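Student: Residue strings, one per chain:
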Amino acid sequence: MKNIQKLFPFLKPYWKPASASLLLLTAVVFMDLSIPRLVQRIIDDGIHAGNYQVVYETAAIMLGISITSTLFALGNNYLSILSGESVARDLREALFVRIQAFSYGNLDKLNTGQLMVRLSSDTTIVQRLTQVFLRIGTRAPLLMAGSLILMYSTDARLATVMLPILILSGILIVFFTAKMGPLFLTVQQKLDRLNSILQENIAGVRVVKAFVRDQRETERFESANQDFAARNIRVMQFMSAMTPSLTLMVNFGIVTVIWFGGIQAINAEITIGQLVAFINYLQTILGPLGIMVMLSNIIAAATASAQRINEVLDTVPEVADAPQAIAFPQSFGGIDRQKPRVEFENVGFHYNDGAVLEGINLRAQPGQTVAILGATGSGKSTLVNLIARFYDVTRGQVRIDGIDVRELSQSSLLAQIGIVPQETVLFSGTVRDNIRYGKTDAGDEEVVAAARAAQAHDFISKLPDGYETHVSQRGVNLSGGQKQRIAIARALLLRPAILILDDSTSAVDVETETKIHAALAEWGQNQRPTTIFMVAQRISTVLNADKIIVIDNGRITAEGTHAELIKTSPIYQEIFASQLGGTESEFARLRLAGQKPAPGRLA
Amino acid sequence: MSQQTSAQQQARAVIAARGPIRPTPIEKAANPRHTLARLLPYLAPYKARLLLVAVLILAITFLDLLGPYLMGQAIDRYIGSRELAGLVRVSLLMLLVYLSNNTFQAISSWTMAGVSQNALKDLRHDLFSHLQSLSLKFFDAHPAGEMMSRLTNDIEAVNQAISQNVIAMVGSLLSLVGFVVAMFVLNFWLALASVIVVPIMLWFTNFIARSTRKGFRDLQKSLGEINGVMEESISGQRVVKAFRRNEASIHIFQQVNQDVFKAGVYANTYAMMLMPLTNQLGNLFVIVLAGFGGWLALQGLVTVGIIATFMSYAHGFIQPLRQLANIYNAIQAALAGAERVFETIDTSPEMEDRPQAVRLEQVQGHVEFQNVDFAYEPGNPIIKKMSFEALPGQTIALVGPTGAGKTTLTNLLTRFYDIDGGAIRIDGHDLRDIRRADLRRQLGLVLQDTFMFADSVMENIRYGRLEASDEQVIEAARLADADHFIAQLPHGYQTLLSERASNLSQGQSQMLAIARAVLADPAILILDEATSSVDTRTEVRIQKALLKLMKGRTSFVIAHRLSTIRDADQVLVIQDGEIIERGKHQELLDQRGFFYQLYISQFKGQAI
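Protein chains in written order, with the numbering used here: chain A, 1 to 603; chain B, 1001 to 1608.
Honestly, the hints are just simulated from the structure, not real lab data. Among the hints, erroneous ones may be present.
Simulated restraints on C-beta separations [what the hints assert, rightly or not]:
hint: 1; chain 1: A; residue 1: Glu219; chain 2: B; residue 2: Leu1051; range: 32 to 42 Å
hint: 2; chain 1: A; residue 1: Arg395; chain 2: B; residue 2: Gln1597; range: 48 to 58 Å
hint: 3; chain 1: A; residue 1: Asp444; chain 2: B; residue 2: Ala1487; range: 56 to 66 Å
hint: 4; chain 1: B; residue 1: Ala1037; chain 2: A; residue 2: Glu311; range: 45 to 55 Å
hint: 5; chain 1: B; residue 1: Ala1248; chain 2: A; residue 2: Val117; range: 21 to 31 Å
hint: 6; chain 1: A; residue 1: Asp465; chain 2: B; residue 2: Ala1248; range: 20 to 30 Å
hint: 7; chain 1: A; residue 1: Asp108; chain 2: B; residue 2: Asp1521; range: 35 to 45 Å
hint: 8; chain 1: B; residue 1: Asp1420; chain 2: A; residue 2: Glu219; range: 29 to 39 Å
hint: 9; chain 1: B; residue 1: Gln1597; chain 2: A; residue 2: Asp444; range: 26 to 36 Å
Treat the numbers as computed from the prediction; the structure is a model and nothing was measured. Every residue gets a Cβ at the ideal spot worked out from N, C-alpha and C, and that includes glycine.
Just chain B, same shape as in the assembly (with noise of 0.2 Å):
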């Protein structure tokens, strides 16, 4: 049972290293009975199993101890008084018990398999769909690495726990103590002689953990420091060459690197010493059977059978002792990170919807802002005392400084925020008193940062509306003049995007949001209007399309072009979280406030 955990996660660690460095500090949960607690019900469907481990675990630790006692009665009782028959005899049954014990064995721990991977299955499952029901707070709270670490390497740590260490915990624990009843029961000088190997054993085993933790956590702060130094070196290399900082970058990258080799060799010479150490151990236990043991034979006290099957013993329990340290330490890690994965379950999801919450079928896109306030945090208001109201169909353009609450108005909109003060009214029901999904089912966006996913052209457009049929896709495609592009795409609709959407140019990602708005067909409309990355040619084909996708939509354009601003039915100068200046554009210019200058000093180089 023992050998076999280890074997795995020998195995474990090689997976595991094909990962990026990642040293295990040792920490523990802040309330480990509380997290236990809320692991049990993952287990709760698997009880009849579960239980039938417990009974072969059981079945095994009397078998572990059961062979090499029955090994010293035949050295002792058929061997010693010459006695063939019965020494067939026991051959025999030492076989049945080695061959129940094995297959015992493999029978719970491919039981344990199936188990643990859909307990974890079922966790994983919970954060998953739990994350897709957080606001946009905990998103910009939490970065991406830090979610990503949650869904894999805590989530992963249970796993190792669950699959393998509280078997082999229990399993450990049942043999150890299984092995000091039966060699007492045995003979107690020899027994008593034995045990003077664990005080020895755990102390060793403290004194290594101790400075273990304390070399791996400064192995971990030199391997941050590195993976910042190469992080930042390599991504700005083109910079690094042009600048010709080569070599001053080698020389900081060789005083760190060698941080991480002192560090490294302090961690791991303590960290790998128990191996060699038990095993040394191992030794001591035989030699104190083997010379204690032969002075208690000439006393008479005990048989040469007794003291081989002490020896067979030697193999069993120095392995748990040896691993009792290790499991802990991974029990703790575990429940560390079992700790903050329901810590992120636990986070109450985006505002939930009120009861009475209505439903909405169509709407006219008529929306209300009344007096709206709203703040990220708390004392740092970014919209104040806003109001505003746009009539079905009208185009409202947003126009102020970088900072100004524009994108996050549109943020309060769709509601991935709610607001602190007053009142927004889509048709007249306030926002809060709409169903979230109704209600976002009638707005489009398009941003400037186009998210595509990982799948066909095709999907990705559908991803509007998912009952879309092909032919429809193609419909919306057409209309927002992706057609062209699409088609001379090497698999034209059935084109695999790359991650993240990189073969595609920004301004061909623009045209698939935009087909994907004109698919979902929404009532009102969010545009954010690209810049500088897309060229000025390709900006007209994308601004041609939008102006189709936005007749008949009521739309807020967060604008950066001076046609969308012309022809606006309102412009909303915004500037610090308030609306300075509304009108025509050409109400606006001949106030000579704010606009004025805004629109002198961004585009005076459009005049000659």
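Here chain A stands alone, though its shape is the one from the complex (with noise of 0.2 Å):
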């Protein structure tokens, strides 16, 4: 409930639909009640008074109601639906903007599933929420009030007569709003194992034919199955009770009114249009009894749907900026200062569960290039995310020509870096668009210039339509090495005075990523070279690069250039190792023989 509450302020914006809405509904519910009034009118003066007069009036004023309630009844339809709509449309945008301001951090925490479902289906549900509150949801209570008060009106005694069964059907009410829920929950995590088993199944269908195991999975299929349509079964059979006895409640009063009533009207003590208009504010209490079990569903539904809204929408950024951040100095200072130098000083990282970097000092000279190896999960990539302030250190300083990353405005910041990251995420749209996407109003010769060098441009340009192809979701058209590298080019292409590479010509082959390395050299800001954090596996990536370090278990273990950790790391030995066999000499022999490598394609 204190969750509903939270969302309250998204329906304010819309109080004047909204209230308006609730009181055409009032007005409904009033002229509704009034007819069973005049029915009984119509039988009392009208019939049995023998007067016609008062019949064709009456007649002539419950059309009129009817008309005006039925007006009223489509300006609640209408005024509902675009209170309901615009309170999910602004939550799907607040929400949206929310997990635009996420840090890294908060992503790794929601994943793009859980952060779907909130913008869709929960939405959905406090939409429904909200409509069912403007509608129904008030009507159903006020109809049953209404027709019990007008109950009592019409004759106290026979009222009172109906007591108990009015108490008995609040209990009955209560009972199955109670036990509904926790029962189609469980319902629900049957089908979720269903479908479990399910999406496994297919997405694991190599595997189940390679070991022919279809037997196996169609009997873990059943067993799932038989569970799901067993709890659903007794689910179903649970409700089928609940209908009839509402039903039988109001049956019940029926014939407490014929019973009692009929003796009252034997006694001349009520008139039989009083009767009549009796069980007709029965009949109308019959629908609202069992919305309002459907009711208290509905909220529990929308509770869990709030509450996981609001663990969005109170998700604070993790990395944000300071309050007196400054923006990143454009031109780098003065004549010593032209590029700039990117230092760790005593950095150390933990997650949640555990260090991921300890006591990380490192120093990058403006154009240098530094590569990092380490086994995976050794905090590598961790490592140059701290550079763009992804995350947050928890220890030490991460500082950029002598700024500290955390004074700085992030803005401001990721403008000075290109990241290429290590999972490629191209967006739908034409190769151009992906390559612009940082920059884009870039011309088309700076496109070109960055494909080129990221060695992209000759492929794209045996593409079908060329720079203009489009490229389907997630860019699966594409493979691995092409998006690796049009990935590149957009990094490139904000010609930034840093460039993080991560892991990111792992699809690439050798002479290509060759080239890549030659061009990167000439690249950068102004002419100027870009200093180049990359995190590789190969050695061969990391050969020429200016400075190697090593990261074992979030600590470096080692640091030089490629002929001096070769000598004195016992980890680069092993790494250097594993990748070459033993390879050397055979390569001596080739090249001995004045072979030169000829350029070729890559398993």
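Two chains, two frames, a set of hints: combine them into the complex.
Tutor: Below, the structure is given as structure tokens:
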């Protein structure tokens, strides 16, 4: 409930249509409730009194009321939907904007699937709640209360006789309400299980087939299938008792009216018209009774959704600009500071579950290339992510050009940095759009130059529509290496002062990679070389780096050039050996034979 | 009866709302009669129960009519004539009628719950087990999302129809006919006046349904768009941020969001109009009865009791009218869903085993490809006239550029796909003459993209040989060098892997896949070597485990590593579906051909 309350501000801008809708609804209920009264008048004052005039007049009044109430009901329909849809739209936008502000740390905790659910189905459920409350959710209780009051005012004694039945109905509603939510939840759980088996089966179809496990898979599915069916049957059977028992209550009411009311009518204590009105009011209650149970269900669902929505809205971006954040100096100061120097001073970084980086001291001189080697999970990517301040350090400082990155506005910092992430993400649009992603106003020559440097121009030119070729969602119609090269071009186009390559040539062959590296050396802002950080797996990638650091378990275990490390670092030697086996002699032999390596394609 | 189903539908809607946004477009089956005929057998086992339900529905309809009639009688005959004993009698009779009516309702939906859910269970079972027999070609052509939708959404549509709508439809029609007949029997003129409501109602329903359909088509289109935008921008959030494109991304989102809003208001305004309108029509009905009925009463043509009976009928009369349109659409959707389900069930399974297929107990591992041709799609050959031979125990390295056909080659050997020409033989038996299950039992696969199930480590390894004991599983893990890291997992062999094994590293998954293959103990191995996703030191460990595994088995390795190529008995260099060079590593190098170039470019960096 508290979670739903927290979302009230989203309804606030629409208080006008919302309250107008409620007002119309109330009027509709009043008009609806007046009908049995008027029927009573026709019976008692018209038919029994033999008065045609009353019949005509009353019928005309009823018709007028009915037309008015129809118009009001249509108005309520439109306004309630308008309010609900507006709330949903604003909620979606608020969520989306909040997600846009998320830093990497926030994104690590909530994956795309979870966020999508919050944006789509959770907002829809809250929207449904809004709509329901602006119509049937208010109408049902109003109608019930109104009917009860009118029953009392028609004849208090008869209404009192009905009291036990009403109390019993109330108990039934509470009972079903309390039972139904949990029951549906268990069905949902069984269904989720069924679906996940299915999903797994389809995703792993090759393994299933290779091991001839269709029999076992079918058995596994069958047991979940049985479970689900059994649970569903139980819930539906439970439900099958609900509506009849609520209807029965109303039916009891009708019998009571006929019985006791009949006696009263025989004793001339009430009129037949009142009797009929009483029955009409009773039947008016029937619909809302069932709806009351459903309402609680909708509220339960909406509470869960509201909680998930609030979770996102309440998430504070882990990395935010400091209040007095400064913009990165556009040109790097005076004569001495032409190019940015990147320094790590005693940097430590922890995730919730433990240290990732510890005691990192590192200095990259302007224009240098720093290569980072290490096992999967050793902290390489995290280290480079600290430069762009995608995460904040737990300890120590990361400085660029002497300024702590936390003192800079992130936007001005990112403007200096080009990043090629480990997982290549391209967006739907043309190849050109993708390369221009970071700088939408870039001219054609710029785009081509960046593509050339990334060794992407040749293959792009061969695509059916060249630079205008449409990249489908997530870039599925390009090979891994091609996507990586487009991503490199995208980063190069910014002519960044600092370039971060996070294992971003893993799918590119060595020949091409070498060419890319050669081009990088010439790339940079105003023809000044770029400071490059590259995370790599292959020794071949890092051979020519100015500095290689080897990370093991979050610590720098070796630092130096290839020539130094091959002599001094056991881990480096191990990596080296693991990649080369014993081929040096072989290559030496080839080299002696004077063979120039010819370009070729990579497997 | 009718209120019951609407309550259940609302409950369903609440459940459905927990899933992703899914407006139901109104669609039709191409061949509804045929689909219906296919569905009926699923209900056949429950004939007796269905008969019971049918009888109950008849009884309920009759009792629905009887209740208000008795009420009218009570008013006219006993209250009007002050006959107390008769009043009590008729009251008791009414009580009995209502009680049995509601009991019958409960029994019929209770029964239907069992019938429908069991029938659906059978349908799901048939679909799933048939899915198991379909070829990879089928899975290639149908994305996972589509298959999921078939097993969930389509079946759910059928569920709605069987468990609620068919019954509701029959009930509604019966009550409608019953009410009309009863009204005409009771009073011709009043009935005639009442029936006026019907064409008005039908016109409204039709008009609203048409606008709703158009509205939902548009809404679905904009929802598709917004889902695309959200998906792309959220999954690419890190890049969006790195390139400072948040503002632009929000701007695009706002535009599609506004479209969804507009389409939503339009579609829902129409879709939800029916409910208030029918309420108002209910009022109109009462007004006609009171006004015209009052005039008739004054003429002495009708009694007050009859008017009261009619008013009571009004509540039951409007409801089925309103529901018919919805129910009709739901049944259409169900038939369309069922049609798709049956379409899948009717897809012919993976090539059937030949009747004379031989049983293969233990093979030597002698593999022969002879002039093999294969294309995934006609006209685009992937494998062309390929011939080679692997002797038992040999290691064959497959080398070549991406898309050359290496993986296809292994897919043909496992008979995931049937060849178009030539022959593949194992120990002299044509692959197509071997029972598929026997064939695959002889083959072990370790692929780059290992697949683990959301189950314990123990069960994942045991997948290789279901009857293996725990000790045998552990022994296999030890042989695969996986024992060490498994011991370090929080619960050792009982550690539960999360979906798609996201709590293991790629290298660890590889080790488990190898252990799985060790346990399966196949005569022929197919390996796809890992490339960049595993760091090189882990790779060395994997390599060692693989070498152990390969010992004594015929192995086909899609090779990325120099050492594998060097140690292979035969290297097949494949390009564009053809073997362009073959021989031992050194021989190939000496040829100074394509392999030599490939070798130089691929491994150049490894030489100093």
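Student: Give a verdict on every hint.
Tutor: A quick look at each hint next to the structure:
no.	hint	verdict
1	Glu219(A) - Leu1051(B): 32 to 42 Å	33 Å, holds
2	Arg395(A) - Gln1597(B): 48 to 58 Å	50 Å, holds
3	Asp444(A) - Ala1487(B): 56 to 66 Å	59 Å, holds
4	Ala1037(B) - Glu311(A): 45 to 55 Å	50 Å, holds
5	Ala1248(B) - Val117(A): 21 to 31 Å	25 Å, holds
6	Asp465(A) - Ala1248(B): 20 to 30 Å	24 Å, holds
7	Asp108(A) - Asp1521(B): 35 to 45 Å	41 Å, holds
8	Asp1420(B) - Glu219(A): 29 to 39 Å	35 Å, holds
9	Gln1597(B) - Asp444(A): 26 to 36 Å	34 Å, holds
Every hint, counting from the list given before, is met by this structure.
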